[in-house]
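Trainee: Residues per chain are reported as follows:
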Amino acid sequence: MAIVTLTTDFGYAEPYVGVMKGVMLGINRAITFVDLTHGVEARNIRQAAFALAYAAPWFPEGAIHLAVVDPGVGTQRKALALEADGQFFVGPDNGILTLVIARAGKWRADEIANPELSLHEISGTFHGRDVFAPAAAWLSRGGVPLEAFGPPVAGPERLAQTHAMRSAGNLIEGEVVHTDHFGNAITNISRELVEQMERELEPDDGLEIIVGSVTAPGMVKTYSDAPDSTSLWATFSSGGAIELFVRGGSAARLFGLKAGDHVEVRFF
Amino acid sequence: MAIVTLTTDFGYAEPYVGVMKGVMLGINRAITFVDLTHGVEARNIRQAAFALAYAAPWFPEGAIHLAVVDPGVGTQRKALALEADGQFFVGPDNGILTLVIARAGKWRADEIANPELSLHEISGTFHGRDVFAPAAAWLSRGGVPLEAFGPPVAGPERLAQTHAMRSAGNLIEGEVVHTDHFGNAITNISRELVEQMERELEPDDGLEIIVGSVTAPGMVKTYSDAPDSTSLWATFSSGGAIELFVRGGSAARLFGLKAGDHVEVRFF
Amino acid sequence: MAIVTLTTDFGYAEPYVGVMKGVMLGINRAITFVDLTHGVEARNIRQAAFALAYAAPWFPEGAIHLAVVDPGVGTQRKALALEADGQFFVGPDNGILTLVIARAGKWRADEIANPELSLHEISGTFHGRDVFAPAAAWLSRGGVPLEAFGPPVAGPERLAQTHAMRSAGNLIEGEVVHTDHFGNAITNISRELVEQMERELEPDDGLEIIVGSVTAPGMVKTYSDAPDSTSLWATFSSGGAIELFVRGGSAARLFGLKAGDHVEVRFF
Numbered sequence: 001m002a003i004v005t006l007t008t009d010f011g012y013a014e015p016y017v018g019v020m021k022g023v024m025l026g027i028n029r030a031i032t033f034v035d036l037t038h039g040v041e042a043r044n045i046r047q048a049a050f051a052l053a054y055a056a057p058w059f060p061e062g063a064i065h066l067a068v069v070d071p072g073v074g075t076q077r078k079a080l081a082l083e084a085d086g087q088f089f090v091g092p093d094n095g096i097l098t099l100v101i102a103r104a105g106k107w108r109a110d111e112i113a114n115p116e117l118s119l120h121e122i123s124g125t126f127h128g129r130d131v132f133a134p135a136a137a138w139l140s141r142g143g144v145p146l147e148a149f150g151p152p153v154a155g156p157e158r159l160a161q162t163h164a165m166r167s168a169g170n171l172i173e174g175e176v177v178h179t180d181h182f183g184n185a186i187t188n189i190s191r192e193l194v195e196q197m198e199r200e201l202e203p204d205d206g207l208e209i210i211v212g213s214v215t216a217p218g219m220v221k222t223y224s225d226a227p228d229s230t231s232l233w234a235t236f237s238s239g240g241a242i243e244l245f246v247r248g249g250s251a252a253r254l255f256g257l258k259a260g261d262h263v264e265v266r267f268f
Numbered sequence: 001m002a003i004v005t006l007t008t009d010f011g012y013a014e015p016y017v018g019v020m021k022g023v024m025l026g027i028n029r030a031i032t033f034v035d036l037t038h039g040v041e042a043r044n045i046r047q048a049a050f051a052l053a054y055a056a057p058w059f060p061e062g063a064i065h066l067a068v069v070d071p072g073v074g075t076q077r078k079a080l081a082l083e084a085d086g087q088f089f090v091g092p093d094n095g096i097l098t099l100v101i102a103r104a105g106k107w108r109a110d111e112i113a114n115p116e117l118s119l120h121e122i123s124g125t126f127h128g129r130d131v132f133a134p135a136a137a138w139l140s141r142g143g144v145p146l147e148a149f150g151p152p153v154a155g156p157e158r159l160a161q162t163h164a165m166r167s168a169g170n171l172i173e174g175e176v177v178h179t180d181h182f183g184n185a186i187t188n189i190s191r192e193l194v195e196q197m198e199r200e201l202e203p204d205d206g207l208e209i210i211v212g213s214v215t216a217p218g219m220v221k222t223y224s225d226a227p228d229s230t231s232l233w234a235t236f237s238s239g240g241a242i243e244l245f246v247r248g249g250s251a252a253r254l255f256g257l258k259a260g261d262h263v264e265v266r267f268f
Numbered sequence: 001m002a003i004v005t006l007t008t009d010f011g012y013a014e015p016y017v018g019v020m021k022g023v024m025l026g027i028n029r030a031i032t033f034v035d036l037t038h039g040v041e042a043r044n045i046r047q048a049a050f051a052l053a054y055a056a057p058w059f060p061e062g063a064i065h066l067a068v069v070d071p072g073v074g075t076q077r078k079a080l081a082l083e084a085d086g087q088f089f090v091g092p093d094n095g096i097l098t099l100v101i102a103r104a105g106k107w108r109a110d111e112i113a114n115p116e117l118s119l120h121e122i123s124g125t126f127h128g129r130d131v132f133a134p135a136a137a138w139l140s141r142g143g144v145p146l147e148a149f150g151p152p153v154a155g156p157e158r159l160a161q162t163h164a165m166r167s168a169g170n171l172i173e174g175e176v177v178h179t180d181h182f183g184n185a186i187t188n189i190s191r192e193l194v195e196q197m198e199r200e201l202e203p204d205d206g207l208e209i210i211v212g213s214v215t216a217p218g219m220v221k222t223y224s225d226a227p228d229s230t231s232l233w234a235t236f237s238s239g240g241a242i243e244l245f246v247r248g249g250s251a252a253r254l255f256g257l258k259a260g261d262h263v264e265v266r267f268f
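These protein sequence lines are chains A, B and C, in that order. Mapping the first sequence onto the working numbering, position 253 (from 1) lands on 253, and the numbers just tick up by one. Mapping the second sequence onto the working numbering, position 212 (from 1) lands on 212, and the numbers just tick up by one. Mapping the third sequence onto the working numbering, position 53 (from 1) lands on 53, and the numbers just tick up by one.
The set of hints was computed from the structure by calculation and includes no laboratory data. Among the hints, erroneous ones may be present.
Note that identical chains are pooled: a pair holds if it fits in a single copy or bridges any two copies.
[Stated by the list, open to error] With a straight-line cut-off of 25 Å between C-alpha atoms, the simulated SDA-like cross-links for lysine to any residue are:
| # | residue 1 | residue 2 |
| --- | --- | --- |
| 1 | K258 | A2 |
| 2 | K78 | P151 |
| 3 | K221 | E121 |
| 4 | K106 | T222 |
| 5 | K258 | G248 |
| 6 | K258 | E41 |
| 7 | K258 | E61 |
Just chain A, with the same shape it has in the complex:
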């Protein structure tokens, strides 16, 4: 069984995702589908890019990731098939693969342009079904090399400023990239960067994390280590980034945190 994951902004109540699966099963019967999320906000490419980059590394080699958040459907934006570190990604060339490419040791992208690997008729409004699903299904069968899809794409579209940065001697600046179902706010500030600065600065007292007018006084190992259930604390998320939370509660609701919020880590 091949593995095809799906990431879209189609929501859960529409038959659109099922239709893409139907098209894929017409090309390859031996697919295990895994829905990553269909709850991406309508047309929010950035949110999809983060979700995809979070989830993909947990899948085995050869997995195919289909990502369709496609506000430019029907325009001249390209369709992409990407290989990155042994996995495959299919989606519009609109930045949705930015973080996957940024992290990849080795990658190669091709335009999906070969009409034999798409449906015969291509609608103006649903390339998820007509272009991306068939491409994913052909990849899942094996035996179709990336170059069969079309010419290589040297510079896929990228989203700006997806990474946190060291902005001063003792400061990291990043952002909240997602508030999850529990109200935890996941940032783009990686454990790696935090630990590198700790090694370098050997701070006396540790660090604090500032988001808007709230400050988390430090990092703990797990949710239960926070001393109370009313104040904001931080931990390293399961994806290896700073995550702001309230023990047993919702940081998003209690402190109004949301995707896009500016976050600072200050060592002292």
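Since the structure of chain A is provided, determine the placement of chains B and C on it from the hints.
Mentor: The following block gives chains B and C in isolation, referenced to the frame of chain A:
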């Protein structure tokens, strides 16, 4: 692997869908399940009928479609197994298959009455689990002919007025059948009918689409072709019907469109 | 294909469930996943316990049920692998398996402690991915006996008062355990207990069911047997318990019923 799709009004948070899958796996281990939608409004047979008819054609021959929106569960309404153009459909005889039958070149329906193809004990409240899931699973194994389920049903229940119609020389009357996750309003006015009238009338100026007090001034090829993001436009949907939309926004929210709204296409 | 079901409080929009599936597919490619529910209220172990116990019996022998509602993640709470009546259950030792164990003829639980059957690195916040998913996947491959996971656990954690009880000669006291998508209120008062008391008491007039200030005057066979669509009635649910409903409507909305509500059945 056999393919079984599921369409219900059970919502996403209930274990009912999982239980139907469990029952099916007890009969056939080699099934790939595809959820079409479980977001049908409670007891809304019409909505389910449109979703099913939209999605089914994109599945390969032999696919089995299980549809359970069943307000009459436990009453005398029949249970149906239908073959239509090489695919199979299982559900209550309450009109849920109206559009599938209307479109089928060739179909045959049988009542599900053979107790050996249902669970031993049949509850009064969940035939999805006790009757329809087993029937779908037996069909998915192959080797069980339709006539094994029970006597043929010559006239399955049909919903009234599911199709748009030419109501005057230059007019089509139809309805909004669904507003989707993006706020696009899909109608039951087919591209076929529109193009047929265009050929016949050779209209000078094209057409306009009127829904309530709003008028879409014409049709464009894809969402991005609409000149602005505040007015209503139309395109042919991915299902081949007129779809009303607002570029980058929600037509449903901006103009209050909803399923059941009367729609007119006027050629001039 | 092995069967692995999933029950969590992760919601539907997060990639967490997909990530657990990715981890499992890395261990065993031949899994059919069935989502039971990811709509458990955040950290509501009791709700998950009822959903799991409702659904599990409908799956074939050998099915593996992964249940992750885990507010104590990262603390000293144990991780459990349980065999009960030929099925397997994996989850935190926090009471989530209470009802499965209560019903089991024969069961055996082992702590998941063997690091070779978990991911190499175990985060402080997501044991669903790092511990429970790998355990379920190893069980799904077969050939890994329960005792390979760790020492037996004689007394897994149990939730209090999950069963309805006869509290007086002619009274049963229980609770609403769930209000479903249709607004039906499912209780923990089993058909068995009701029928046993009917046999014993031979009541003249039958029974009534009292919840808060509302009384359902009796039990009917199916929803359509209720005489009107404004008053509360009861039927035996598809899970074999008393279920309160309004014909064609929502009992939860009309009468404000919710999980935890005290319910009395009075024979007279």
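Trainee: Confirm or reject each hint.
Mentor: Verification of the supplied hints:
Taking the shortest Cα distances, K258 and A2 never come within 25 Å of each other, neither inside one copy (36 Å) nor across copies (40 Å). When the C-alpha separation of K78 and P151 is checked against a cutoff of 25 Å, the pair qualifies only within one copy, where the shortest distance is 11 Å, while the shortest distance between copies is 53 Å. Proximity of K221 and E121 under a CA criterion of 25 Å is satisfied inter-copy only: 14 Å between copies versus 53 Å inside one chain copy. In this assembly of identical chains, the alpha carbons of K106 and T222 never lie at most 25 Å apart, being 34 Å within a copy and 35 Å across copies at closest.
In this assembly of identical chains, the alpha carbons of K258 and G248 lie at most 25 Å apart whether taken from the same copy (18 Å) or from different copies (22 Å). In this assembly of identical chains, the alpha carbons of K258 and E41 lie at most 25 Å apart whether taken from the same copy (13 Å) or from different copies (21 Å). In the homo-oligomer, the alpha carbons of K258 and E61 never lie at most 25 Å apart, since the shortest distance is 33 Å inside one protomer and 45 Å across protomers.
In summary, the structure is inconsistent with hints 1, 4, 7 from the numbered list given earlier, while agreeing with the others.
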